[in-house]
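Peer 1: Take the sequences, apply the hints, and build the full model.
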Amino acid sequence: MTDPNTPPARGGASVLRTNSPIGRQSFDRLINDLATNRPRTVLDHGCGWGGMLMDILEAMPNTSGTGIDINESYIDQARMAAEQRGLADRALFQAESSADCAESADLVLNVGSYQAFGTISEALSRLRSSTTPFGRLVFGAEIWSVVPTDNQLAHMWPGTTVDDALLLPDLVDKVISAGWRVLDLRTSTSQEWEEFECGHLRNREQWLVTHPEHEAASEIRDELDKARMMWLRGHRDVMGFVTFVLAKDG
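Take the sequence shown: its letter number 146 is residue 165 in this note's numbering, and every next letter is one higher.
Treat the hints with care, since some could be wrong.
[As the list claims (entries may be wrong)] Ranges of calculated distance between the beta carbons of each label pair, as one might list FRET restraints:
1) Asp241 <-> Asn90: 22 to 30 Å
2) Glu77 <-> Asp119: 27 to 35 Å
3) His230 <-> Arg57: 43 to 51 Å
4) Asp203 <-> His230: 39 to 47 Å
5) Ser140 <-> Glu91: 23 to 31 Å
6) Thr55 <-> Gly137: 26 to 34 Å
7) His230 <-> Pro152: 49 to 57 Å
8) Ala246 <-> Ala78: 30 to 38 Å
9) Asp183 <-> Arg29: 20 to 28 Å
10) Thr168 <-> Gln225: 28 to 36 Å
None of these hints come from the bench; they were simulated from the model. Ideal Cβ positions, reconstructed from N, Cα and C, are used throughout, including at glycine.
Peer 2: The following block contains the structure:
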């Protein structure tokens, strides 16, 4: 049993449905759309704690899936959640690099983790071989809503440059060039971003207000304040997120 006095781990697995700014309503609509293609197998590259994959499996009882992530802690959380949700017989989670995975599936997910394959173009090319001929790819990536200023870049993650994301039209060009057709695309709303950013901090914020004198409180307080300002002064309303549903072009 976890000691309640111990600071909770970073991340939002217990608060967020998935590790991307996709709200519940948007994701439910996405699942309903994907179900019409009746996939029998799902492969989630960069599955995190497995929330997206398990929600899909719950909505599609004749479907099985595999989640891949290099973060062993996330995989442990995903396996535990699969047991609790009664999905352990249909959900397999593996701690490995997506770059080493040779599996294919009717429905492939790569949401917010294209870096596992290299560049966006390299990911889109590699994911073609992961997707069966009439399958679907759900591909999610960061975009610039507007080109960031130098001041905004300076408040983002260390080393962030304007080349770290694309404007949406430029990303769509890369999608088409990689041999995909766009069946659907949706950009995350400001509210979805707020839920995502606050969700990542909430557990530690809640712990902090009930343990203000803990020896770790000062360090965690500084960490949370820096993370929030990175968002508010850096990528808020500058960085967007787009989720595509793609099919192979021939």
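Peer 1: Each hint: holds or not?
Peer 2: To see whether the hints hold, each was checked on the structure:
1. Asp241 <-> Asn90: 22 to 30 Å: Since the Cβ atoms of Asp241 and Asn90 sit about 24 Å apart, the hinted range of 22 to 30 Å holds.
2. Glu77 <-> Asp119: 27 to 35 Å: holds, 28 Å
3. His230 <-> Arg57: 43 to 51 Å: Holds: the Cβ-Cβ distance is about 49 Å, inside 43 to 51 Å.
4. Asp203 <-> His230: 39 to 47 Å: holds, 44 Å
5. Ser140 <-> Glu91: 23 to 31 Å: holds, 29 Å
6. Thr55 <-> Gly137: 26 to 34 Å: Taking Cβ atoms as reference, Thr55 and Gly137 lie about 32 Å apart, which means the hint holds.
7. His230 <-> Pro152: 49 to 57 Å: Holds, at about 54 Å.
8. Ala246 <-> Ala78: 30 to 38 Å: holds, 33 Å
9. Asp183 <-> Arg29: 20 to 28 Å: The hinted range 20 to 28 Å holds for Asp183 and Arg29, with Cβ atoms some 21 Å apart.
10. Thr168 <-> Gln225: 28 to 36 Å: Cβ of Thr168 to Cβ of Gln225: about 34 Å, so the range 28 to 36 Å holds.
Checked against the numbered hints above, the structure violates none of them.
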